[in-house]
Amino acid sequence: MDSSAASAPTTCQVARKINMPQMCIDGLSENWLFKYLGANHWEMLCRGLGTDSTHLQNEDGERLYASFVRIRMDAARAICAFRENEHITLNGQLQRYGNEMYFSDFAFTSQADATKTIQAQLMTIFSVRASSGNQKLLRSEARQSNAGITALKTMPAFGQEYRKIKLQKLTSIRLKGHEFVLSDAVLFEKEYRLNPYYDVNGVGLIYFAAYPTISDSCESHYFNTLHPTGKRWEQQYFTLARDLLYYANCELSDTIIYRLNQVEHVDADTVCISSSLYRQSDGALMARLFTVKGLSR
Amino acid sequence: MIEATELAQLKAIVRESVFEEDLEIHPTDHLVTDLGLDSMGYVDLTVKIELTFGIAISDKAIRAVATFQDLVHLITQTKTNG
Chain R
1 MDSSAASAPT
11 TCQVARKINM
21 PQMCIDGLSE
31 NWLFKYLGAN
41 HWEMLCRGLG
51 TDSTHLQNED
61 GERLYASFVR
71 IRMDAARAIC
81 AFRENEHITL
91 NGQLQRYGNE
101 MYFSDFAFTS
111 QADATKTIQA
121 QLMTIFSVRA
131 SSGNQKLLRS
141 EARQSNAGIT
151 ALKTMPAFGQ
161 EYRKIKLQKL
171 TSIRLKGHEF
181 VLSDAVLFEK
191 EYRLNPYYDV
201 NGVGLIYFAA
211 YPTISDSCES
221 HYFNTLHPTG
231 KRWEQQYFTL
241 ARDLLYYANC
251 ELSDTIIYRL
261 NQVEHVDADT
271 VCISSSLYRQ
281 SDGALMARLF
291 TVKGLSR
Chain X
298 MIEATELAQL
308 KAIVRESVFE
318 EDLEIHPTDH
328 LVTDLGLDSM
338 GYVDLTVKIE
348 LTFGIAISDK
358 AIRAVATFQD
368 LVHLITQTKT
378 NG
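In order, the protein sequences belong to chains R and X.
Throughout the first sequence, residue numbering follows my numbering, covering 1 to 297 in sequence.
Throughout the second sequence, residue numbering follows my numbering, covering 298 to 379 in sequence.
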């Protein structure tokens with residue numbers, strides 16, 4: 001259970017205990033962490049707009065969805081350092097740029113050991129479904145007043161970088177001190193069939209938190225095939241940092257194509273991985289993922 | 298009409314919003330197809346215009362803007378009507 005002590009609608013301070021639902025193989029579940037951060041971003045957003053999520057609408061009365069644009073997390077230690085029964089605190093705040101872009105910053109920290117901390121940034125926009133499907137989501141803005149959410153005077157670098165990459169004005173990003181050069185090279189490719197019971201959220205869209213899990217699942221297939229003996233990849237390497245740029249969603253009937261673009265072993269314990277996800281039906285880029293993983297000893 | 302200095306300011310804002318410092322801008326240039334503005338660029342452009350000119354622009358109004366001269370017209374109108 002969470003215990004909350006937020007002092008303002010667009011901040012959060014939550015304490016909770018990590019248990020099995022928050023964990024996966026040998027440590028904290030990144031999938032759960034993304035969902036948890038996303039839920040707190042969403043709650044601050046709804047509090048700031050003074051409404052609940054089901055009543056978020058644009059001027060035309062259409063239901064709005066929060067579309068995640070970019071998420072970056074950077075852990076001081078690999079996420080497997082968080083263990084069962086550990087008490088953590090989540091501190092966060094939300095700000096906006098204009099009426100359409102919302103940015104949150106979080107610190108997820110062990111109460112017993114401050115070296116176990118994860119910094120995260122999230123960026124969302126509002127979108128409406130342009131048809132009954134998931135492929136066409138259009139940007140929109142809430143009719144509810146956002147005056148209660150602090151307005152930024154300049155777009156954060158986090159958003160600027162996303163735009164520059166999309167417009168091909170930026171060809172590399174830095175994550176945890178490592179430079180990732182954008183690449184469309186294909187070292188490995190794998191089809192991923194969506195699991196509607198796990199990958200889809202409550203409004204029928206592919207959950208933003210599913211993207212890294214899909215990527216990890218396909219990535220592990222590559223590394224486990226490369227090294228078929230010994231410990232599995234999933235039990236050796238854990239996320240230290242992740243930067244995820246979202247571009248599209250897809251229909252449940254579609255298939256996702258995973259592409260491993262680059263792998264760089266920067267030292268004996270650290271590997272930098274670039275990957276991307278595509279819709280099989282039309283080849284549209286769905287996301288780029290930049291990940292730093294560390295060897296667990 | 299907006300003044301020459303304001304016109305120069307507006308061109309600088311558009312250049313910043315498309316990350317092109319030396320971009321030539323002509324009145325009939327289309328913001329998307331000629332100047333390279335993306336959907337998030339519209340948000341950036343709106344905020345910068347509002348802060349620079351001290352006006353409020355609605356989402357619908359900015360989305361209806363196609364060319365640079367449309368943008369000049371929108372700002373002129375908004376300033377006039379308050």
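Misleading hints may appear alongside valid ones.
Listed below are the simulated SDA-like cross-link pairs for lysine to any residue, each with C-alpha atoms no more than 25 Å apart in a straight line [to be verified]:
1. X/LYS357 with R/ASP199
2. R/LYS153 with X/ILE354
3. R/LYS17 with R/ASN58
4. R/LYS136 with X/GLU318
5. R/LYS164 with X/LYS376
6. R/LYS153 with X/TYR339
7. R/LYS166 with X/GLU321
8. R/LYS166 with X/LYS376
9. R/LYS169 with X/GLY333
10. R/LYS169 with X/ASP335
11. X/LYS308 with R/GLY61
12. R/LYS35 with R/ASP199
13. X/LYS308 with X/MET298
14. X/LYS308 with R/LYS17
15. X/LYS357 with R/ARG72
16. X/LYS376 with R/LYS169
17. R/LYS169 with X/MET298
18. X/LYS357 with R/LYS17
19. X/LYS308 with R/ASP199
20. X/LYS357 with R/LYS35
21. R/LYS164 with X/ASP319
22. R/LYS164 with X/MET298
23. X/LYS376 with R/ARG47
24. R/LYS166 with X/MET298
25. R/LYS153 with X/THR325
Because the hints were derived from the structure by calculation, they are not lab data.
Each hint, compared with the structure:
With a CA separation close to 34 Å, the supplied pair X/LYS357 and R/ASP199 exceeds the 25 Å bound. Restraint check for R/LYS153 and X/ILE354: satisfied, since their Cα atoms lie roughly 15 Å apart, inside the 25 Å limit. The straight-line distance between the Cα atoms of R/LYS17 and R/ASN58 is roughly 37 Å, outside the 25 Å bound, and the hint therefore fails. Straight-line distance between C-alpha atoms of R/LYS136 and X/GLU318 comes to about 32 Å, which puts the hinted pair past the 25 Å bound.
With a C-alpha separation of about 31 Å, the suggested pairing of R/LYS164 with X/LYS376 is violated against the 25 Å cut-off. As the CA atoms of R/LYS153 and X/TYR339 are separated by approximately 15 Å, the hinted pair is consistent with the 25 Å bound. For a cut-off of 25 Å, the pair hint linking R/LYS166 to X/GLU321 stands: about 22 Å separates their Cα positions. Of the supplied pair hints, the one linking R/LYS166 and X/LYS376 is violated, its CA atoms being roughly 33 Å apart against a limit of 25 Å.
Restraint check for R/LYS169 and X/GLY333: satisfied, since their Cα atoms lie roughly 11 Å apart, inside the 25 Å limit. With a C-alpha separation of about 12 Å, the suggested pairing of R/LYS169 with X/ASP335 holds against the 25 Å cut-off. Restraint check: the Cα-Cα separation between X/LYS308 and R/GLY61 comes to about 35 Å, which exceeds 25 Å; the hinted pair is violated. At roughly 12 Å between alpha-carbon atoms, R/LYS35 and R/ASP199 fall within 25 Å of each other, so this suggested pair holds.
Between X/LYS308 and X/MET298 the alpha-carbon distance is near 15 Å, which keeps this suggested pair within the 25 Å criterion. Distance check on the hinted pair: X/LYS308 and R/LYS17 sit about 53 Å apart at the alpha-carbon level, beyond 25 Å; violated. A C-alpha spacing of about 31 Å is found between X/LYS357 and R/ARG72, which places the hinted pair above 25 Å, so the restraint is violated. Straight-line distance between C-alpha atoms of X/LYS376 and R/LYS169 comes to about 33 Å, which puts the hinted pair past the 25 Å bound.
For the hint pairing R/LYS169 with X/MET298, the CA-to-CA distance comes to about 33 Å; that exceeds 25 Å, so the pair is violated. Taking the CA atoms of X/LYS357 and R/LYS17, the gap is about 46 Å. The hint is violated against a cut of 25 Å. The straight-line distance between the Cα atoms of X/LYS308 and R/ASP199 is roughly 44 Å, outside the 25 Å bound, and the hint therefore fails. Between X/LYS357 and R/LYS35 the alpha-carbon distance is near 32 Å, which puts this suggested pair outside the 25 Å criterion.
Only pairs whose Cα atoms come within 25 Å are accepted, and R/LYS164 paired with X/ASP319 is accepted, the gap being roughly 16 Å. Under the criterion of a C-alpha separation no larger than 25 Å, the hint pairing R/LYS164 with X/MET298 is inconsistent with the structure, at around 33 Å. Of the pairs offered as hints, the one joining X/LYS376 and R/ARG47 is violated, with about 33 Å between alpha carbons and a cut-off of 25 Å exceeded. A hinted pair counts as satisfied when its Cα atoms are at most 25 Å apart, and R/LYS166 with X/MET298 does not qualify at roughly 35 Å.
Note on R/LYS153 and X/THR325: the hinted pairing is violated, with a Cα-Cα distance of about 29 Å set against a maximum of 25 Å.
Checked against the numbered hints listed earlier, the structure breaks hints 1, 3, 4, 5, 8, 11, 14, 15, 16, 17, 18, 19, 20, 22, 23, 24 and 25; every other hint is satisfied.
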